[in-house]
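**Student:** Dock chains V and S against the given chain D, drawing on the hints supplied.
Protein chains in written order, with the numbering used here: chain D, 41 to 466; chain V, 41 to 466; chain S, 41 to 466.
For the record, the hints were derived by calculation from the structure and aren't laboratory data.
Just so we're clear, the structure is a prediction, and the values are computed from it rather than from any experiment.
Among these hints, one or two may not hold up.
Copies of the same chain look alike in the list, so a pair counts if it works inside one copy or between any two.
[As the list claims (entries may be wrong)] Below are the BS3-like pairs computed for lysine-lysine, each with C-alpha atoms no more than 27 Å apart in a straight line:
1. Lys173 - Lys134
2. Lys134 - Lys447
3. Lys318 - Lys440
4. Lys297 - Lys440
5. Lys304 - Lys440
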Amino acid sequence: MTVGKRIFKLAEKLWPIHRSITGEGFRRSLELIKSEIPEIKIHKIKSGAKVFDWTIPQEWKVNDAWIETPTGERICEYRKNNLHVLGYSIGIKKKVKKAELIQHLHSIESMPEAIPYVTSYYKKNWGFCISDKEKKKLVDGEYSVYIDANHFDGFLNYGEILIPGKSKREIFLSTYLCHPSMANNELSGPCVTTFITKWLLKKKNNFSYRIIFIPETIGSIAYLSKNLSTMKKNIIAGFNITCIGDDRQYSIVLSRKENTLSDKVAQNVLNKIAKNYKIYSWRERGSDERQYCSPNVDLPVCTLMRTKFAEYPEYHSSFDTLNRVVNIKGLDGGFNFVKSCISMLESNIYPETNFLCEPQLSKRKLYPSISNLQTKQKVSLMMDLISYSDGRTSLLDMSKLFNTDYKLLLKLAKELERKGILKISF
Amino acid sequence: MTVGKRIFKLAEKLWPIHRSITGEGFRRSLELIKSEIPEIKIHKIKSGAKVFDWTIPQEWKVNDAWIETPTGERICEYRKNNLHVLGYSIGIKKKVKKAELIQHLHSIESMPEAIPYVTSYYKKNWGFCISDKEKKKLVDGEYSVYIDANHFDGFLNYGEILIPGKSKREIFLSTYLCHPSMANNELSGPCVTTFITKWLLKKKNNFSYRIIFIPETIGSIAYLSKNLSTMKKNIIAGFNITCIGDDRQYSIVLSRKENTLSDKVAQNVLNKIAKNYKIYSWRERGSDERQYCSPNVDLPVCTLMRTKFAEYPEYHSSFDTLNRVVNIKGLDGGFNFVKSCISMLESNIYPETNFLCEPQLSKRKLYPSISNLQTKQKVSLMMDLISYSDGRTSLLDMSKLFNTDYKLLLKLAKELERKGILKISF
Amino acid sequence: MTVGKRIFKLAEKLWPIHRSITGEGFRRSLELIKSEIPEIKIHKIKSGAKVFDWTIPQEWKVNDAWIETPTGERICEYRKNNLHVLGYSIGIKKKVKKAELIQHLHSIESMPEAIPYVTSYYKKNWGFCISDKEKKKLVDGEYSVYIDANHFDGFLNYGEILIPGKSKREIFLSTYLCHPSMANNELSGPCVTTFITKWLLKKKNNFSYRIIFIPETIGSIAYLSKNLSTMKKNIIAGFNITCIGDDRQYSIVLSRKENTLSDKVAQNVLNKIAKNYKIYSWRERGSDERQYCSPNVDLPVCTLMRTKFAEYPEYHSSFDTLNRVVNIKGLDGGFNFVKSCISMLESNIYPETNFLCEPQLSKRKLYPSISNLQTKQKVSLMMDLISYSDGRTSLLDMSKLFNTDYKLLLKLAKELERKGILKISF
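This is chain D alone, in the form it adopts within the complex:
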């Protein structure tokens, strides 16, 4: 079974849960991920706690919700699709005329069949999300609106796992899990990150890993408020992982500085694995990179995606589903993208030769006995690699300089290390 298939299965399990930035849905989702990765530690922060300029919100619980039309038909039933309730909506039970109701209905005119995903986290309001087609059928008259929802002091939760490596220097992975039943944005992110974590746990790593599963925005702000000084000291590269399960393209949102190690690695990987990819500038940001790269935080983090949020038609609607948007091929590619970035970081060595002048390769049997085009190219590449092994040029730099496959260079560097030609440091 491909990793994509296993990621897809995890997404299917998470699908029905009604998540928000806090509350039972988020906790149940975290528990499901913990059943895959028992090492994950689940943290909690009280409602009302101050995190930098922000305050941890109350929990929100929906029990039921619907609208009854003048003809007695029930529409916008929460139990049929949890997107029908405006995110963080207050409870309501009253009769309203069509004109008033319309003020509280959200739809997408350009996608008449889709229910949009809308939230009102920072302004108290009630509302329903509805397909535009259904909205247009509403007749005049009196409607019963019913939202059994309440807000109460509780906790914001997040999952965290720290995987120690040979070095204390860290690679940081962040993904968010706060959206209700939508597939690319966002079950793809936490599900791919879960399997990346499982992969990292099974192998020896040069770097340490800090991996978090958080609610978007408030979660990254809360996490930074507790860990910033350690993160600034240890993190050498990091990735925000989202919208990583469709198979249409690959993309990156660059960090604010646009030339951190993370930016370089991600671009180098895409250059190799993707035919069709897009590099978005910092000005096109929109996810947790906003916090990680803010002026006084300034971590070397960029965002890895397949098709970027807000750039595919099903984004933030009931059409962003498993199968329709996210598929096994897409998840396989997304997993491979993240894994390749990590692998490149894990092997981004700085080779250094101790020799003065070229080493004599023939006496070390590094010249092939059969000389053909392939072996000639290998010797030429080996000589190039040695000639740049001044301890200040990384394999990543050479890969760009030589326009050469990174893995081939890595293999050669390791061969030369074994032969005593090069020393390798990170």
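**Tutor:** Relative to the frame of chain D, chains V and S by itself:
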């Protein structure tokens, strides 16, 4: 009355005066400017004084001059046009054959009707300037040439005004006033600078201003010889202002280093206000920027112009007149160009946020209640501005980075400062 | 007699000698060069000595060699062409079938008439080089192969001359002399370098010169192993000189860093003297620059050539002859290329003016009395030169900046130095 019209009226008053680098004409012109700006202090330096490698020349006075043709006709009459006398010509009264006379006549073959402006400051000589058409009509025979002019020890004069601002750091403006009756080069420069000075005097400024009205070359050298150390300590940006009254185009001569704050500001302003402008390199210099940017002086000064000296056909001739070359529209544009550069310098703040992560805009009512394309763009720009407010990126840099109107950014930055989101420093 | 003709005559004298990286042929060639430059010192290093990662090889001596065909015909006769014997071949005397012989024959299919140049320095083997046409005519049967050659402990030799200049800082020239009878690669290199040395010996130089005549690869490694610390301390620029006698094009292999003074000078010179030239990157290297620019050696050395090794069809074959590839015009051009690079280095001054503001040129008679286009351009260039004379901008930089002939600038700088306007330092 537009500022251009008032500048034009000042130019009309200055027009008839016969100026040179020293002497009565220069002094009378300075007095006329002082009647507009009483705060101007008029300085003098004695003839023969050493200023760096140069010597302050004697004063020059012309009382009358003409040529009498073999047929008894008077031509090249000084009283009809002061350009007829070679600048700094020695006195002469003698009869000469046509062949000898021709050696002392200056004309422009390509502009047969124009009298050229020619000087001989550093080589003793006599001469007349004449239209090529008139020159070609000269018959053989004996001519009487008469120049009643003399040189004597006196003074070189210049005007200076220092306007204190919040900071001791200075913006420097230099313009020259030594040419006789020509409009773009050069009455436009001192007249526009006069009204810029009046504007600066009426408002509170962040920076201090050092503004001088000098004769070209010898004046800037003399001024630098007296003020260099203070200028090097205080000046953060400066502009040489000349040829700024026609309405054909806008232009800059860059400083020798080509990337000083002055160069950046002038280019940014032109990018915004001008459809048709030209950036000249240091190698195309020709005015007082030559002194201000010379190797051991090296002040951050570039030259602001409408159409550059030597780049318009009427340059240095009797055709460079008010109305024909300089007009109200041109002066209005020139004034606006200089004013915009100063305004940009006055507001080229370095915003810095103290927040960690993004500030919560909603609780500060910085999110508009009505969301439309315009408000969305404003929020997006505000977020971009905050995201670059690291205290090292100036508003000028951001304006270039975002390709955004500078004033819009400034307004936003001030709004964010009032709300306590940003600190602003210069 | 042009220098090219004299260089050609020296090459003709060296032509018949059978050279290798060590041995009598190399010594006799060095002696011939010493007869041109008596100041050359000939050094020797014992076989078996360690030089960095390498070992000085034994000497190799060939007395005779041939193949006798089944029909009794002698082919591949060493006395007819010394290329027939595989370089460093062991001795052999036996009868072999055609099938076995073929394993030991080297030819070039694409050039059926040419005998290739092949060596086997680091793997013991015997062999002959033969034209492909002759090889194809070989009939079945028994062949007598005879190589009277032996290896024995002796010396590796090289020539060295140190020419002191005003400064201890050195310019380094390296050329190699180890190939048997081939003209462009390589008699052109040592012969041009011989005449460059003679030229340098006859004049006073600002810099000191270190010039060596070595066998390729092992020679540069051996020389570096004895002189590296002095070389690293003193050398400001250096050139490896090879393939410099044909008249097809000019070329450079850049140093690893690609922006050393040597790289800049060589490119600037070619930009001026050559219509048709090529700049090869470090990745296309192949000669002694490989050692001089290796990571821990890192000298500022690039390679100067006419047509680059391996880029002309006759390369490494019996077709690389005097007249066919190398000619007087080519040698003249090659000599001029090297000489121009040295001249530019010798005159790459850093002018500095002590004046504040522009110096007054008129009182120094630096303004021409006759003003025409040519004199105007000269004054303009003189003013530009002064305006950049900040002591940090070299004449080479200005030459690029002004897109101006270097020699014209040099002449002007010297004139201005005589007039006391500029100080000049190296």
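**Student:** Flag every earlier hint the structure violates by its number, smallest first.
**Tutor:** Violated hint: only 2; rest satisfied.
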